[in-house]
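So the protein lines, in turn, are chains A and B. The working numbering puts the first residue of the first sequence at 1, with every later residue one more than the last. The working numbering puts the first residue of the second sequence at 1001, with every later residue one more than the last.
Treat the hints as calculated values from the structure; they're not laboratory data. Treat the numbers as computed from the prediction; the structure is a model and nothing was measured. Positions of the beta carbon are idealized from the N, C-alpha and C atoms, including for glycine. Among the hints, a few may not be true.
On the chain B side, residues computed to face chain A include the following (Cβ under 7 Å) [said to hold, decoys possible]:
(1) Pro1075
(2) Leu1083
(3) Gln1087
(4) Asn1096
(5) Leu1101
(6) Ala1103
(7) Ala1104
(8) Ala1105
If we take Cβ atoms under 7 Å as the criterion, some of the chain A residues that face chain B in the derived model are [unchecked claim]:
(9) Arg3
(10) Leu4
(11) Gly6
(12) Leu10
(13) Thr14
(14) Thr15
(15) Arg16
(16) His76
(17) Thr78
(18) Ala80
(19) Leu84
(20) Ile85
(21) Pro87
(22) Arg91
(23) Asp239
A few chain A residues that don't get close to chain B, going by computed Cβ distances all over 12 Å [claimed, not checked]:
(24) Leu141
(25) Arg162
(26) Val170
(27) Leu172
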Amino acid sequence: MTRLVGAELLKLTTTRTFWGMAAAAVGLVLLIVVLSVALDTDPTEDNVRTIMATAGFSGVLTLVLGGVVGAGDYRHGTIAWTLLITPNRLRATAGQFVACGVAGLAIGAAAYALAAVIALPWLAGKDATFPPAGDLLEVFLGCVLYAGLAAMLGAGLGALLRNQVAAIVVVLVQIFVVDPSLAGLVPDIAPFTLTGLGAAMSGVDSDGDLLPAGVAALVWAGYAVLLAVLAAIHTARRDI
Amino acid sequence: MVTSVLEVRELSKRFGTNVAVDGLTFTARPGKVVGFLGPNGAGKTTTLRMLLGLTLPTSGTTTVNGRPYRELHDPVEQVGAVLEGPQFHPGRTGRNHLRVLAAAAGLPRSRVDEVLRLVELDGAGRKRVKGYSLGMRQRLSLASALLGDPRALVLDEPANGLDPQGIRWLRDFLRAQGADGRAVLVSSHVLAEISQTVDEVLVISRGRLVAQGSLDELTRGAEAPVWVRSPDTERLRAALSARDGVTAEPVHSGEGWLAVRGASLEEVGTTAAESGAVVYELYRPAQSLEAVFLELTGATEAGR
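Model the full structure from these sequences, guided by the hints.
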């Protein structure tokens, strides 16, 4: 499995799409961080935590990236090469799933690290009150985990739908239409929507009724694994 | 050295009501180049994809060394495959495409450069595939198939898109693979492309095997008629037709020509002399493999 994940990571990093989306994810986080710090006249402990939790936004883009990667093999017809080398379709799907997770973790970590390098000295210059280092570490872990799990869920969805545009549309509609609608109509469900789980993991919104970060991560991982298993079963039963 | 045997047994595939492959059985053995021939839509690609585990059969089995492809642990070392209209990520370089496959198969990176040299693509390995010609893509496909130094090759229409020089290169390549002890199964809808290379041919039409054997066996079975040109066709035709099992039909495309079946050149000449018919020309055209191919597949196609 290690060599499969390695091959899938190589597959990812040898296209411009990956680097473009990784740059977009990090760039989006930096833009929000810069604006937040610039506009913050009284950086309290909570504000600093929220600013650093912005790194969690990279998860939205790694979710899209996962969808693009998961469906990419079908779009370009390269799935046949993948399955000629790894005929066991469960293993082939798992390799890509895990590789997307690793790539997502790396993007999340890069986003947080760059946000920290820019925001923390700037905030210090504004006499900010910093939360304890343990809190910032927690935010870091939450954001990175979110970015990784988001990429995995995207990969599972992409492999299931086999269509990049459909995968991206489903992800965006889910986050920007379905999640807010559900949260409005049935508030009890809100913590279990992708938006609610993402916020819980990254610590973006500490006021709402969100699940604890660890539980949110488990629920999200459950969604991702379910999609990946469905994709593997679907692939095993279909002609390529 | 591990040898590979490709085996297809009672293989059938239906797509809805359309029967693409119908009870196909054949074997490809080490050291032999087997041509898998048939017109477009005959079921060649579907058969090869079932052999490679990409398409599920409706019934029947396909095995590589006795095991279904999907159950092979390290398939690249047993079978290398070129699929029809090979597809690549346009933004990835040819070399990186091979690096990904090599990494997944646990092969050393040095093997990538070896196969690139082998298919004479070493100069273009670092270019993105979108800049490749069709012929270069075919070569990249072949390089992918050779990565694991497999003992068998399954090649679906590898000559598609190749220029005459490329086809010549492919012929030499296939001959070398067979001579090296590999079992090679190569499909084509253009017989001329591979007729000089194959040891054995399988001809399919409408998903069914319509002929199997060496090229000699195939052409021998369908002997060409004797052509004779005479100013006295009626007398000659009557004399020939009087012989047992001999038919003589006028050839509409040529004035004074008869096509005689069931008689040798000598028998036609003797009959002409005995009947007193003057003969200007007498010969038997070599029956081309192409004609046999068309005859074999045409008969089935006409039954559609």
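Verification of the supplied hints:
1. Interface hint status for Pro1075(B): upheld, as the beta-carbon distance to the closest one in chain A is roughly 6 Å, under 7 Å.
2. With a cut of 7 Å, the hint placing Leu1083(B) at the interface with chain A holds, because the nearest CB-to-CB distance is about 6 Å.
3. The beta carbon of Gln1087(B) comes within 3 Å of a beta carbon in chain A, closer than 7 Å, and the hint placing it at the interface holds.
4. With 7 Å as the threshold, the beta carbon of Asn1096(B) comes within range of chain A, its nearest partner Cβ sitting at about 4 Å, so the hint holds.
5. For Leu1101(B), the interface hint holds, the least distance from its beta-carbon to any beta-carbon of chain A being 6 Å, beneath 7 Å.
6. Among the interface hints, the one on Ala1103(B) holds; its C-beta lies about 4 Å from the nearest C-beta in chain A, closer than the 7 Å criterion.
7. Because the closest C-beta pair between Ala1104(B) and chain A is about 4 Å apart, less than 7 Å, the hint holds.
8. The beta carbon of Ala1105(B) comes within 5 Å of a beta carbon in chain A, closer than 7 Å, and the hint placing it at the interface holds.
9. Annotation: interface hint on Arg3(A) holds; nearest CB of chain B at approximately 5 Å, less than 7 Å.
10. Among the interface hints, the one on Leu4(A) holds; its C-beta lies about 6 Å from the nearest C-beta in chain B, closer than the 7 Å criterion.
11. A hinted interface residue such as Gly6(A) counts as satisfied when its beta carbon comes closer than 7 Å to some beta carbon of chain B; here the least separation is about 5 Å, so the hint holds.
12. Hint on Leu10(A) holds. Least Cβ distance to chain B is approximately 5 Å, under the 7 Å limit.
13. Interface hint status for Thr14(A): upheld, as the beta-carbon distance to the closest one in chain B is roughly 4 Å, under 7 Å.
14. Nearest Cβ of chain B to the Cβ of Thr15(A): about 5 Å, under the 7 Å cut. The hint holds.
15. Checking Arg16(A) against chain B: minimum C-beta separation of about 5 Å stays under 7 Å; hint holds.
16. A distance limit of 7 Å between C-beta atoms decides the matter here; for His76(A) the minimum to chain B is near 5 Å, and the interface restraint holds.
17. Residue-level restraint check for Thr78(A) holds (minimum Cβ-Cβ distance to chain B is 6 Å; threshold 7 Å).
18. The criterion of a C-beta within 7 Å of any C-beta in chain B is met by Ala80(A), whose closest approach is roughly 6 Å, and the hint holds.
19. Checking Leu84(A) against chain B by beta carbon gives a least distance of about 6 Å; that is within 7 Å, so the hint holds.
20. With its C-beta approaching chain B no nearer than about 4 Å, Ile85(A) sits inside the 7 Å limit, and its interface hint holds.
21. Checking Pro87(A) against chain B: minimum C-beta separation of about 4 Å stays under 7 Å; hint holds.
22. For the restraint placing Arg91(A) at the interface with chain B, the shortest Cβ-Cβ distance is roughly 10 Å, beyond the 7 Å limit, so the hint is violated.
23. The criterion of a C-beta within 7 Å of any C-beta in chain B is met by Asp239(A), whose closest approach is roughly 4 Å, and the hint holds.
24. The Cβ of Leu141(A) sits about 30 Å from the closest Cβ of chain B, beyond the 12 Å cut-off, so the non-interface label holds.
25. With a minimum CB-CB distance of about 14 Å to chain B, Arg162(A) clears the 12 Å threshold, and the non-interface call stands.
26. No beta-carbon of chain B is positioned within 12 Å of the beta-carbon of Val170(A); the least distance is around 23 Å.
27. Interface exclusion of Leu172(A) from chain B stands, the closest Cβ pair being 24 Å apart, more than 12 Å.
The structure fails hint 22 only (numbered hints given earlier).
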